Amino acid sequence: MRRLELVGWIAVAVVLSALAIPWFLWGDATVVAGLPVWLWWHIGWMGLASVVFYLFTRRAWGIGIETEPEGDSSGDGTSNGNGGTNRSARSATNGDRP
Amino acid sequence: MSLALQLGIIVGYLLLALAVGLVAYRLTDRTAEDFYLASRTVGTVVLLFTTFATLLSAFTFFAGPNIAYAQGPEWILVMGLMDGIIFAVLWYVIGYKQWLLGRRYEYVTLGEMLGDRFASRRLRGLVAGVSLLWLFPYVMLQQVGAGTALEALTEGAVPYAAGAGLITVFMILYVVVAGFRGIAWTDTLQGAFMLVATWVALLWVLAVVGGPGAATDALASNEATAEFLSLGSAYYTPQWMLSTAITIGFGVAMFPQVNQRFFAAGSRTVLKRSFALWPILCVLLFVPSFMLGAWARGLDVAIPEGENVLPVILAEYTPVWFAALVIAGAMAAMMSSSDSMLLSGSSYFTRDLYRPFVDRNVSDRREDLLARVGVVVFATAAFVASLWNPATLFELGDAAFSGFAQLALPVLVALYWRRTTRAGITAGIVCSQGFYLSSLFFATVPSAYAGWTAGLVGMGLGLLVTVAVSLITTPADDERRTIYFDGLGAD
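Chains as they are written, first to last, in the UniProt record's numbering: chain A, 1 to 98; chain B, 1 to 491.
Think of the hints as simulated: they come from the structure by calculation, not from any bench.
Examples of chain B residues toward chain A, derived with CB under 8 Å:
{"hint": "1", "residue": "85"}
{"hint": "2", "residue": "97"}
{"hint": "3", "residue": "211"}
{"hint": "4", "residue": "212"}
{"hint": "5", "residue": "213"}
{"hint": "6", "residue": "277"}
{"hint": "7", "residue": "283"}
{"hint": "8", "residue": "487"}
Negatives, chain A to chain B, calculated, CB over 12 Å:
{"hint": "9", "residue": "3"}
{"hint": "10", "residue": "4"}
{"hint": "11", "residue": "5"}
{"hint": "12", "residue": "7"}
{"hint": "13", "residue": "8"}
Note that this is a predicted model, so its numbers are computed, not measured.
Here a beta-carbon is modelled for each residue, glycine too, at the ideal position from N, C-alpha and C.
If we strip away everything but chain A, and leave its shape as in the complex, we get (with noise of 0.2 Å):
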């Protein structure tokens, strides 16, 4: 479940770099309200990068990063909207590593 949940997020990731630059204007000269609207794509991209990466700071971080076993709480309720179970799988991923 964890390990699902990050592949989730590696895809978002990989996705908010490779639309950044809109590839599918390329070669496109449309001007709206005085920018190209390849520009406009751009900065409508990064403010939805910040609204995602909040969402990751509340939902996910230290996903991939921290190995605290099970019960020894992060400290600051990152985990929250995880319940025991996907804690335990958590833990267990941890123990299948060499």
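Keeping the supplied structure of chain A fixed, place chain B upon it in accordance with the hints.
Coordinates of chain B only, in the frame set by chain A:
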């Protein structure tokens, strides 16, 4: 009259910064950790702006708008991707992990963190040596930028050498007295000031020329710049844009003064907030600064050969005092990059070269003194080198970022893969650095591969070598293979 006004503004600015530094000095403990990291107590606003101001170099205010002027505004996209997204992701992936490790094991530098994990003094020295190799020309670049800007602003009344010298003396004084805390505070002032000033400059110029629509029309109707508005060009190819964004984005995370900030945050919350605000802050700065550069091209503002676009356009459209204020701010931004770099460079030198190789038993108090001496030596040498500066800002800056980028992937592998061995990471760093340096200095090693830059190819090489050599070697007995993984996050 304007000369006196301009110099007055610049001197006033320096004095203000010095006052902040003195306040910081009074709060400083005489220990190396406090001098380098303000004892790991930095809050959100200060961490955000100090990292931000550190990125705001001569590059953002002078070289960046110059590129937009010459090649079009696509530069905004490259910078947005590299700083707003890639660096932000690394802020978490490298930064948060480093922060946890730094708190647990009291690391102050990247080399120290790696040297401890791989039980290798040589690796520690290698990372510090490589970093100083790239840091030095970059500090020199900032001095060149400041000297040139002062000369242009005063129309030659302050010659280049005097300007760069003045800045150097000021920086030395400031860093030696104020340490990280003072630097972080002035960075915050400068970062906030420059953000506001850039927007005021943009609105001012746009108000004079009739709004963004008119400025963009001028670009579209001019034959030379008609294709500025269409995304991409012979200069901005997808390969080049991606190579540049990726190498510089990773390079930023390995730049000593940025990397060291990962250790300085006061709490998790500070790191989280800075992370989420990062993309917005980048857009807020890059869009106005680079659009000014691009629009200037359509506005028939003649830019004299070798001069920067931003000061010329400000001189054309805004009052003298405002132009002087912005240039003073930009110079302050350059200084804030440089003083952070001086401090980090000095910490790499004292902690990773002097202490392990010359005198292991140096006391805390003495290391603090040594660090300050290191600042003086480093800054003076960079100033002397800047007097002979042969290459342009962009070439130097770009080389430094790509050079640092070569460190990023071996470090990432070490942080996340337990099987990394000492031989693996050392080989990865040596090979990628060797390759990239060769591409810069030897004609036989090409600088581009089907449009992809040598910097990016070198990063790939570093990754491959680190993984391959780790797979075929066994870890040394004294390596501490689990310290990057076990018990992280438990306070």
